[in-house]
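What follows is the residue order along each chain.
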Amino acid sequence: MPTDPVCGMYVSEDSSIFTVVDGEKIYFCSKSCMQEYTSPDEREKSLRYRLAVAWIFSIPILLITYLLQFAYRDYVLLLLTLPVQFYSGYVFYQGAYMSIKSRSGNMDLLITIGTLTAFVFSLFITIFPRAIISASIYYDASAFIITLILTGNYVENSTKKRANRSASRLVDMIPATSHFITDAGTVEDRKTGEISVGDRILVKPGEMFPCDGKIYEGVTEVDQSVLTGEQEPVVKRVGDPVFSGTSNLNGSVRMEVSKTGRNTTVGQIYDMIRKAATGRAKVQKIADRFSAIFIPIVLTVAVISAIFWLIFLSYVGSPYSVEIAVLSFVSVVVIACPCAIGLAGPITMLISSSISSENGIVVKNAGSLDRLAKATRVVFDKTGTLTGSVPEISSITVSGSIKEDDLLAISASLEMNSNHPVAKAITNEAKRRHLILHECTGITETPGTGIEGVVDGNKITLTRSMEKSGSAVGIYVNGVKMGSIGLEYPLREGSKEAIGKLQSMGLSVSVLSGDSEAAVKDVAQILGLNDFHSGVFPGQKADIVKEYQQKGDYVIFVGDGINDTVALESADVGIAMGSGSDIARDSGDLIILSNDLNSIPKAIVIAEKTISKIRQNIFWAIGYNSALIPVAAGILVPAFGLGVYSVLPMLAALAMGFSSTTVVTNSILMKGRTEKILRDIRKTGVKMPVLGST
Amino acid sequence: MEIRVGKGSITIGGRLLERIGKNYLVLKLVTEAGPCTDAMCQVIITLNATVENSLNPEFITFPAGGTYVAMDQAVFRSIDRGRQAVYVKETRHAGLAVKGFAPVQ
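Order-wise, the sequence lines are chains A and B.
Mapping of the first sequence onto the working numbering: position 659 corresponds to residue 1027, and the numbering continues sequentially without gaps.
Mapping of the second sequence onto the working numbering: position 58 corresponds to residue 117, and the numbering continues sequentially without gaps.
If we strip away everything but chain A, and leave its shape as in the complex, we get:
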């Protein structure tokens, strides 16, 4: 079932409220969510107008209320209040109406009740001044409730923009124009939005790649730090993929576009960061429970408080009983803020996802951060994860009079027709040596055995086998062995360091592989691991993960995003080493774009900080409401006297308006603190704290 991208609500596909973006239908639960998505600037403009009108009229209301006395003063104040009440405050009445219609209370209902109570009471006193002896008017309270809450909303939106900036920076850096190469070979500038898949474009030194694609001419170095978090430039040659948002450093290249717009890697990361706000942590259950009973409790406390003051003050003969009862009711309903509770989780998830993306970690499933923070064991797949996915040639042995280069050229001529990783290694080495390859015919490849064909009239057979240290290829020419090529999968740079860091964080680390016991044991010893599984078929990886889980471990499985789908899904958290070519297709809860295994301890730290911050925000928000509602109800009266109620409604509005902003700001602070710890992770040999310790 589709979800509304603005509020996260499930929406039926029968809904008539939808829009089409890049050929994809996007459904919304309401027209306001659709407007927020399609034209967020309109909503912001509307808020600015309403806020401006509110302040323009509220300031004179305040000045007249406290400084001036003249005939028909009350009617002047009434007239000044009307625009604030019914233009600036209209959006709250709309929300309150929707709330009553759906029979569920919301914040707009509380604000509407609060401000209208103060307004109607004041209107009554204005028209019937002798009806309640000694009663005053409170147009300042009714206007300022709306003004201060709108101000809080405006500040909160600005603060949220800061939180969103990390996500939007990805798409903001895509150049607006691209150098399109026509069929005639000329170059003309076109808007990036007009470039299609299959088009050819020129990217000059110092420019950003506007789309994903493949280089077909030129060589350059590319800064991919926006995707991977790594500053080291990467050399890109003909046939290499390039990604939108990355920086072309020093060479002019021509590329063929493979993805545009939202389908590019940057576009997909941006979408995932935005969707992160719909992720849920288990601790948010407390917030849900609190939210479910929030409105009835607030209204009940407000009514009880009003009744108490009415009865008590009447009993002691105070002339202000009705006035104080009304003011305490207004203060209680206005001070309560469910949004601080409601925002605690989503805003933190959004910021966490941004921090992850800046470190080359794409969070596909924000809800998995909860389990990541609880992890006790990391299980690595060996080939393609701890080691590179393409082997390297470690030795070439020749028999007879044939030269090494000739042997390699023959092998590469045959292997260039295969997609096997060994074939890629041999052809890469031949290219590196600038060897001339020959045409091959009659090619037959047998999985698990090798490949054969005819090169220059000679029958060439290559046999592939696994040995202790890696792969071995035997080369036969017309049935006679002419030599062999040894290949090994080198350990990824930083793998030993990453495993050391995970172990120092208190996690157990295991490795599993389909290779022989001797080969896996070698790798385990180099990495300092005692727990390893060898001879594991692909289908058995998930079973090993489940065994650890049954023993009580929370398991992170780290594997190749395409080939380890079942194991990644079975684990508590699946982390895929993505090639970046199609992160939407890769399995796993998180994808490491940088291929740097040190991203795994970073991801765990980010997860721990995220859950801790959500917990902090929720308890702060609940504490705020629990402490201030009694204040609004009147527990400060014994200390400050009944006079406190002359300002309490406005102070309540101020507190309510800014309570959400403090939650957003507190979440943003997580960025600086987490990045300090992540910088420590980048340093070699720094002992990491054990998870769960202070």
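If you're looking for bench data, these hints aren't it; they were derived computationally from the structure.
Even glycine gets a Cβ: it sits at the ideal position worked out from N, Cα and C.
Keep in mind that the hints are not guaranteed to be accurate.
Pair by pair, the computed Cβ-Cβ distance ranges are [to be verified]:
#1 A:421 to B:148: 50 to 60 angstroms
#2 B:63 to A:905: 21 to 31 angstroms
#3 B:148 to A:816: 48 to 58 angstroms
#4 B:139 to A:905: 22 to 32 angstroms
#5 B:66 to A:905: 15 to 25 angstroms
#6 A:898 to B:63: 26 to 36 angstroms
#7 A:937 to B:89: 24 to 34 angstroms
Assemble the complex: chain A is given as a structure, and chain B must be docked to it using the hints.
Same frame as chain A, but now just chain B:
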């Protein structure tokens, strides 16, 4: 009675099993808008238990002492991945109460 559901479990109160009889205990996620009106605030998701005599064929079922507990994929995933121990029992007013569940992605 306790039923294993992936890495989690569901415990059904004794009287409730008798009440279910030959019907199904169906567990479904229910969403409702919370009191926060901010566009970023999430909906409240709770688990609702009902006794029904027919079943959506896409639901996953677990045998439970002569009856069946049925749930959709989202509920199963939450209980399994979250390793949750969920309790379903009758309330004083003959309704059904669910405890121990939290939606997990």
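To see whether the hints hold, each was checked on the structure:
no. : hint                               : result
1   : A:421 to B:148: 50 to 60 angstroms : holds (54 angstroms)
2   : B:63 to A:905: 21 to 31 angstroms  : holds (26 angstroms)
3   : B:148 to A:816: 48 to 58 angstroms : holds (56 angstroms)
4   : B:139 to A:905: 22 to 32 angstroms : holds (24 angstroms)
5   : B:66 to A:905: 15 to 25 angstroms  : holds (23 angstroms)
6   : A:898 to B:63: 26 to 36 angstroms  : holds (31 angstroms)
7   : A:937 to B:89: 24 to 34 angstroms  : holds (26 angstroms)
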